[in-house]
Amino acid sequence: MARAVRNLLKQLRAQRGMTQAELAERLNVSRQTVNAIETERYDPSLPLAFTIAKVFGLKIEEIFTAEA
Amino acid sequence: MTTTTSVKRAPIAYFTEFGIAMALFVAAMLLRGRFADTVSDPRERLALLAMPILPIWLALLAVIRHYRRIDEFAKLVLVRNLALAAGLTACTVLSYGLLTDAGFPPLPVSFAWPVMAAFWGLSTAVSEWRAR
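Heads up: the sequence lines are chains A and B, in that order.
Residues -1 to 66 in our numbering are what the first sequence spells out, letter by letter.
Residues 5 to 136 in our numbering are what the second sequence spells out, letter by letter.
Among these hints, one or two may not hold up.
[As the list claims (entries may be wrong)] Only pairs whose alpha carbons sit at most 27 Å apart, straight line, appear in this in silico DSSO-like list of lysine-lysine:
hint, chain 1, residue 1, chain 2, residue 2
1, B, Lys12, A, Lys8
2, B, Lys79, B, Lys12
3, B, Lys79, A, Lys8
4, A, Lys57, A, Lys8
5, A, Lys52, A, Lys8
6, B, Lys79, A, Lys52
7, A, Lys52, B, Lys12
[Unchecked claim] Residues from chain A shown here face chain B by an in silico Cβ test under 10 Å; the list is partial:
hint, residue
8, Ala22
9, Glu23
10, Leu25
11, Val27
12, Ser28
13, Thr31
14, Asn33
15, Ile35
16, Ser43
17, Pro45
18, Leu46
These aren't lab readings, by the way, just hints derived from the structure by calculation.
Virtual Cβ for every residue (Gly too), placed ideally from N, Cα, C.
With these hints in hand, go ahead and build the complete structure from the sequences.
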């Protein structure tokens, strides 16, 4: 069965008034990587997911959810 | 230099290093073509004909260094594009090899490199377009 990981990155970024480039800078990745995660074309590694959670002050499971 | 700076500067560093390697390669090929027939000493001739080898390895080093600088998603895209280019090149070279049996002119083995570079460039361009 296909697995899909959904995320709230785009909404969280918008809430904080950040651009993709600004978030990319804080995550130490490229803007294209932020875009790929937001559009769910790419699931980040666990270390990057932890960094994302830290930047937003949330738990990983509050940002990423697995869809059966 | 911080890691952040390294990621941001990765494309500039890559194009600089790869560009230098390619410029050296072109220069070596020009020298090779210009003087290959005028050098009679076997050792000097070997050194002259082998000159483009070093820039080729420098180009590979530039790609490896680029891989180490970029983030995880960019790594995935780079490896995926390289694998696709390698597969397409293998199919193209083998297909053409079979066609030489039917009378097509044989090409040197080194012909595979520009073919792979073209496929790599094409797959990278498609990836860049999709990532906009």
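The hints, checked one at a time:
1. About 21 Å separates the Cα atoms of B/Lys12 and A/Lys8, which keeps this hinted pair within 27 Å; it holds.
2. Simply put, B/Lys79 and B/Lys12 have alpha-carbon atoms about 14 Å apart, close enough for the 27 Å limit, and the pair holds.
3. Distance restraint check for B/Lys79 and A/Lys8: the Cα-Cα separation of roughly 23 Å lies within the 27 Å cut-off, and the hinted pair is therefore satisfied.
4. In summary, the hint linking A/Lys57 to A/Lys8 is supported, as the alpha carbons are separated by about 16 Å, within the 27 Å threshold.
5. Distance restraint check for A/Lys52 and A/Lys8: the Cα-Cα separation of roughly 16 Å lies within the 27 Å cut-off, and the hinted pair is therefore satisfied.
6. Distance check on the hinted pair: B/Lys79 and A/Lys52 sit about 23 Å apart at the alpha-carbon level, within 27 Å; holds.
7. The suggested pairing of A/Lys52 with B/Lys12 holds, with an alpha-carbon distance near 21 Å, which does not exceed 27 Å.
8. Below 10 Å, beta-carbon pairs count as interface contacts, and A/Ala22 has one with chain B at about 9 Å; its hint therefore holds.
9. For A/Glu23, the suggested interface contact is upheld, since its CB lies about 7 Å from the closest CB of chain B, less than 10 Å.
10. Using the Cβ-Cβ criterion of 10 Å, the hint placing A/Leu25 at the interface with chain B is satisfied: the shortest such distance is roughly 8 Å.
11. Evaluation of the A/Val27 hint against chain B yields a held restraint, the C-beta minimum of about 4 Å falling below 10 Å.
12. Hint status for A/Ser28 relative to chain B: holds, with the closest Cβ pair at about 6 Å, below 10 Å.
13. Among the interface hints, the one on A/Thr31 holds; its C-beta lies about 4 Å from the nearest C-beta in chain B, closer than the 10 Å criterion.
14. At about 7 Å, the closest approach between the beta carbon of A/Asn33 and any beta carbon in chain B falls short of 10 Å, and the interface hint on this residue holds.
15. Here the hint on A/Ile35 is kept, as its CB sits about 8 Å from the closest CB of chain B, short of 10 Å.
16. The interface hint given for A/Ser43 is met, as the beta carbon of that residue sits about 5 Å from the closest beta carbon of chain B, less than 10 Å.
17. Given hint, A/Pro45 at the interface with chain B, holds; its Cβ is 9 Å from that chain's nearest Cβ, closer than 10 Å.
18. Checking A/Leu46 against chain B by beta carbon gives a least distance of about 6 Å; that is within 10 Å, so the hint holds.
When each numbered hint is compared with the structure, no violation occurs for any of them.
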